[in-house]
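Asks: Top to bottom, those sequences are chains A, B and C. For the working numbering, count along the first sequence from 1 and bump the result up by 459. For the working numbering, count along the second sequence from 1 and bump the result up by 459. For the working numbering, count along the third sequence from 1 and bump the result up by 459.
The hints are simulated quantities; they were obtained by calculation from the structure and are not laboratory data. C-beta atoms are modelled at their ideal positions from N, C-alpha and C, and glycine is treated no differently. Keep in mind that a hint or two might mislead.
[What the hints assert, rightly or not] Some, not all, of what chain A presents toward chain C, calculated at C-beta under 10 angstroms:
1) Val-471
2) Asn-511
3) Trp-544
4) Gly-546
5) Val-548
6) Ser-557
7) Arg-561
8) Ser-580
9) Thr-581
10) Val-601
11) His-603
12) His-606
13) Asp-607
14) Asp-608
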Amino acid sequence: MTSYAESVTIPVTPRTYTEILQFYAEHAQLLDNGLAEAWADQFTPDGVFSQNVKPVPKIGRAEIGTGMRRGIDRIAATGATRRHWFGMVVAEAQPDDSVRTRYYALVIETPKNGRPSIYLSTTGEDVLVRHDRTWLVRSRHVAHDGHDDIG
Amino acid sequence: MTSYAESVTIPVTPRTYTEILQFYAEHAQLLDNGLAEAWADQFTPDGVFSQNVKPVPKIGRAEIGTGMRRGIDRIAATGATRRHWFGMVVAEAQPDDSVRTRYYALVIETPKNGRPSIYLSTTGEDVLVRHDRTWLVRSRHVAHDGHDDIG
Amino acid sequence: MTSYAESVTIPVTPRTYTEILQFYAEHAQLLDNGLAEAWADQFTPDGVFSQNVKPVPKIGRAEIGTGMRRGIDRIAATGATRRHWFGMVVAEAQPDDSVRTRYYALVIETPKNGRPSIYLSTTGEDVLVRHDRTWLVRSRHVAHDGHDDIG
Numbered sequence: 460m461t462s463y464a465e466s467v468t469i470p471v472t473p474r475t476y477t478e479i480l481q482f483y484a485e486h487a488q489l490l491d492n493g494l495a496e497a498w499a500d501q502f503t504p505d506g507v508f509s510q511n512v513k514p515v516p517k518i519g520r521a522e523i524g525t526g527m528r529r530g531i532d533r534i535a536a537t538g539a540t541r542r543h544w545f546g547m548v549v550a551e552a553q554p555d556d557s558v559r560t561r562y563y564a565l566v567i568e569t570p571k572n573g574r575p576s577i578y579l580s581t582t583g584e585d586v587l588v589r590h591d592r593t594w595l596v597r598s599r600h601v602a603h604d605g606h607d608d609i610g
Numbered sequence: 460m461t462s463y464a465e466s467v468t469i470p471v472t473p474r475t476y477t478e479i480l481q482f483y484a485e486h487a488q489l490l491d492n493g494l495a496e497a498w499a500d501q502f503t504p505d506g507v508f509s510q511n512v513k514p515v516p517k518i519g520r521a522e523i524g525t526g527m528r529r530g531i532d533r534i535a536a537t538g539a540t541r542r543h544w545f546g547m548v549v550a551e552a553q554p555d556d557s558v559r560t561r562y563y564a565l566v567i568e569t570p571k572n573g574r575p576s577i578y579l580s581t582t583g584e585d586v587l588v589r590h591d592r593t594w595l596v597r598s599r600h601v602a603h604d605g606h607d608d609i610g
Numbered sequence: 460m461t462s463y464a465e466s467v468t469i470p471v472t473p474r475t476y477t478e479i480l481q482f483y484a485e486h487a488q489l490l491d492n493g494l495a496e497a498w499a500d501q502f503t504p505d506g507v508f509s510q511n512v513k514p515v516p517k518i519g520r521a522e523i524g525t526g527m528r529r530g531i532d533r534i535a536a537t538g539a540t541r542r543h544w545f546g547m548v549v550a551e552a553q554p555d556d557s558v559r560t561r562y563y564a565l566v567i568e569t570p571k572n573g574r575p576s577i578y579l580s581t582t583g584e585d586v587l588v589r590h591d592r593t594w595l596v597r598s599r600h601v602a603h604d605g606h607d608d609i610g
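Sequences are here, hints too, so could you generate the full structure?
Replies: Encoded structure:
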């Protein structure tokens, strides 16, 4: 935990910060509209996606997209809608021009004809890299609140 | 759904993006403070407000404000507080200097002396136009999660 | 309530607005990682923290940090995780170079091995001042939804 106090932060520009907020917004909307493969294409080709509740990370767009496709199809079959909210985004520039982010994310679930509730509360840490005029996720670690780390 | 992948996006400037975030913040606070008419004045005079759960759109500030006034007064009579949260805002500049946004919105409800919960999870699509030093909503479509479109 | 309509607003720059969003993100993460003292150090030495549900404000970093430390330790003992989300941030520059903000904040709580829920929905009003390359809270008033003011 001392990393927060110790870390030397290089602030990102307003342009970079607003780009990243919009990147996350688009990223969430792709996922929640069922476009798992387009969402996975927002990782780098060698991107890594790890979670504290999974024993091993997923590596590469195909593996990341396939895993998410299964989850999306399973939810869709129940008629429920899920929305991913990213928030509390801290972004720090790195010497290699990548950006490291620390953020919170919620998953809001609404059953068919039902009341919404919070399915999941998480923290995330990404390394983002520029690619042409957008950003890509080089690595992401998501930790689910309320669950011990495994693996 | 393919519109997300196909759309050509013209990124907005950091200034426009931060203005829009603040516009939505002010817009939500007006509404949640019971100022339905001031909130409706943030639409253009010919503004259109449609929802997937309503058969016809509301058109113009008077109609939009009157509809919202009824809702606000009904909630206030119960002693509950509602807060609108906009998030995951994607903003795209249009050739005519308007800005098209796609976003999520939650309504958080707290009963008098009770625990908060999510009353509603929605997606929104606005066309925003500049007016003097602020923004106005030319059109808005809100879709409630968990409900089929009617109308 | 008429203050919203009457207030003369001096818009902040995109740089200030994105700095403030990141300040709140870092601020929330310090708190939710249990670093109550580092969180309190983000107030000015004579900072004031008042809440509508408390009879008197807390004044100064030691008093503010000590009060929050007790709350954090009590929650930690239950095994629950809390996350503070700030949102709907309106920021207005003041003639003395301070910035006045009005915002919403949620506290999301996840019990050990349980489902998240909203513990608290609030509104906040801060006066923020620049200090070196960051911001500090000179004063904060938080009002809990669903509760009458006391004190």
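Asks: So, for every hint listed, does it hold in this structure?
Replies: Consistency of the hints with the structure:
1. Val-471: Holds - the Cβ of A/Val-471 comes within 10 angstroms of chain C, reaching about 8 angstroms at its closest.
2. Asn-511: violated (12 angstroms)
3. Trp-544: For A/Trp-544, the interface hint holds, since the closest Cβ of chain C sits about 8 angstroms away, which is under 10 angstroms.
4. Gly-546: holds (5 angstroms)
5. Val-548: Interface hint status for A/Val-548: holds (6 angstroms vs cutoff 10 angstroms).
6. Ser-557: For A/Ser-557, the interface hint is violated, since the closest Cβ of chain C sits about 17 angstroms away, which is over 10 angstroms.
7. Arg-561: At about 6 angstroms, which falls below the 10 angstroms cut-off, the nearest Cβ of chain C leaves the hint on A/Arg-561 intact, so it holds.
8. Ser-580: It holds, given that the least Cβ distance between A/Ser-580 and chain C is near 4 angstroms, below 10 angstroms.
9. Thr-581: holds (9 angstroms)
10. Val-601: violated (14 angstroms)
11. His-603: holds (8 angstroms)
12. His-606: holds (7 angstroms)
13. Asp-607: holds (9 angstroms)
14. Asp-608: This interface hint is violated because 13 angstroms lies over the 10 angstroms limit.
The structure fails hints 2, 6, 10 and 14 (numbered hints given earlier, in ascending order).
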